[in-house]
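S.K.: Chain by chain, the residues run as shown.
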Amino acid sequence: MSVFIDKNTKLVIQGITGRDGSFHAKQMMEYGTQVVAGVTPGKGGQKFEGTVPIFNTVFDAVKATGANTSVIYVPPPFAADAMMEAAAAGVSLVVCITEGVPVLDMTKVYPFVKERGVRLLGPNCPGLITPGESKVGIIPGRICLPGPVGVVSRSGTLTYEVVYQLTRAGIGQTTCVGIGGDPINGTNFIDCLEAFEKDPATKAIAMMGEIGGTDEQEAAEYVKKHMKKPVVGFIAGQTAPPGRRMGHAGAIISGSSGTAAEKLEAFAAAGMGISKRPMDFVELIRARLK
Amino acid sequence: MNIHEYQAKEILRSHGVPIPPGEVATTPAQAEAIATTYGTAVMVKAQVHAGGRGKAGGVKFCKTPADAKEKATAILGMKIKDLTVEKVLVTVAADIGTEAYVGIIVDRATKKPVFMVSAAGGIDIEEVAATTPEKILYVPVDVRYGLPTYDAMRMGFFLYEDVKLARGAAKIMQHLYAAFMAAGCSLAEINPLVVTPTGDLLAVDGKMVIDDNELDRKPDIAALRDESSEEPSEVDARNANLTFIKLDGNVGCVVNGAGLAMATMDLVKYYGGEPANFLDIGGSSNPEKVVNALRIITADKNVKAILFNIFGGITRTDDVANGIVTATKANPLKVPIVIRLTGTNEELAMKILTENGFTASSDMDTAVQQAVALAKGGK
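Sequence lines, in order, name chains V and X. All the letters of the first sequence, read from the start, carry residue numbers 7 to 296 under my numbering. All the letters of the second sequence, read from the start, carry residue numbers 269 to 647 under my numbering.
Keep in mind that the hints are not guaranteed to be accurate.
What the hints assert, rightly or not - Using 30 Å as the maximum straight-line C-alpha spacing, the simulated DSBU-like pairs for lysine-lysine come out as follows: (1) X:K619 / V:K32; (2) V:K282 / X:K537; (3) X:K328 / V:K230; (4) X:K380 / V:K120.
Derived by calculation from the structure, the hints in this document are not laboratory data.
Okay, chain V solo, but in the shape it has when bound (with noise of 0.2 Å):
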């Protein structure tokens, strides 16, 4: 079991001739998720690597092909229009990897999407991974192993990392994802907690936040209230200076609001587990296995 994936979801790719939309095809489809349809406006009829079909628009891949989740791969300028067209064109799942999406578009994308009842995960995220069955983004797929862990995370690399460290130790995961670095993005903690939850091959879950926001502190709120499975955190940013974007656009200290401090404790508050450092997961995951 898993969240959000598994070996049944059929991929359309957005921007899949292009660079990253190409290099990331190749490794998704030798990772074996099944990809199903590429879209490139004007690049219709053709193939892809000689098998996967282009068209021009999500839609007619959509109808051809009965793709269910879309991944994004086009620049910031275009990536709010190609998510509303992916939600709208009917997959259940939208993608986004794109950074640099103007915030103000993601207030039109959000209600667009939600409107449709139509999960996005992004924009500026890695996308997710169930291991040994499929991966729609760019999580490297030889990092993860199968098992009882569901991994949530803000970053890219720093859940590399983790993962990494949980997979030498023999710690497999049910299914990794990525929910962006954005200050606006289409799923948050709450919603891949509540899956977690839900999924019954995840047995303790991993969370990996950083500053900037209050996402953290509500998924606190949520696991003291409505989890039963444990849940490790980890909050990235304690040596952040307040009023400057760490990178990530949604990593920021606003004021007061959004310190590393404020996390950790709502986290202390619902009797999560703190990992302190990155590799502190392992044992902290180890211990709530047993």
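The hints should help you fit chain X onto chain V, whose structure is shown.
M.R.: Just chain X now, with coordinates in the frame of chain V:
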């Protein structure tokens, strides 16, 4: 991106917000000349990207042009929160009756632009929110419909009983909203919005923060960037497509990915060290980026040790290794370097580094401890 008060006011004025006349001066003589043309009392205001300008002595009331010259002499060149004042805004001093606060931010919780208005203007709105939250009205806006008049009027009446003033304020809020959307802001505020003794509404101070992600499609807004008011190393880094933030410590950090970069800084602190910077070389693997990163970090005289922490996913670790070799051949390092690489093409990277006399490990924890010890003068 921060822009100056005078720039924000120009944008607001162009959208119809009433702003007192003002002009920028870079010399005391210019300040005097501007004050002379207005023929009335003026304010001389330091233009720096820092709050608390008034408290720092960077905002002064001047009765005469000679007074404006004298105050400008004092303010130009002064330091406010480490930033040198290069420009002052000379603006007609308004007669102030009452002061209100009007602002919009992109709110992460509602995922919408949200107006915040309060009759308790002229002071820090965060303080009002913390101590007397009932004095603030929050109004979210659905960007698909814009700011409806009824919501603008609701805010107008929250600020003023008089219908004429409420209508005037509502108009100003619609203008502010238009400016906010047009400039691609993450924050725009008028503080204070003043009612003069003669009953006119005036935006006496304005502030805008632009979403960096808007700059590519808004070249006219991007052109407002004032590099002279930023840390030179940060300007250098941005031009080299690196995300860099200078800090006060002595362990220079080069990392790929923002989350891992923050976690690396935190781990430096955990082991008793202080990070000298945040630096994310990003996801692409380009040796050039590594060369630029090393140039920027080694220019900081506080740096006593350099720490590389690379988790190769899309980033190829052999590219990073090549970058390190190229950079250090051109400019031999004067401080010790600790390299941690793992992931894509790790064996090749290790080989390149070893052949060139570097040692590298694949463990983040030990690498950070080593870098902290070296920065403290240990081995």
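S.K.: Give a verdict on every hint.
M.R.: Hints versus structure:
| no. | hint | result |
| --- | --- | --- |
| 1 | X:K619 / V:K32 | holds, 28 Å |
| 2 | V:K282 / X:K537 | holds, 12 Å |
| 3 | X:K328 / V:K230 | violated, 52 Å |
| 4 | X:K380 / V:K120 | holds, 14 Å |
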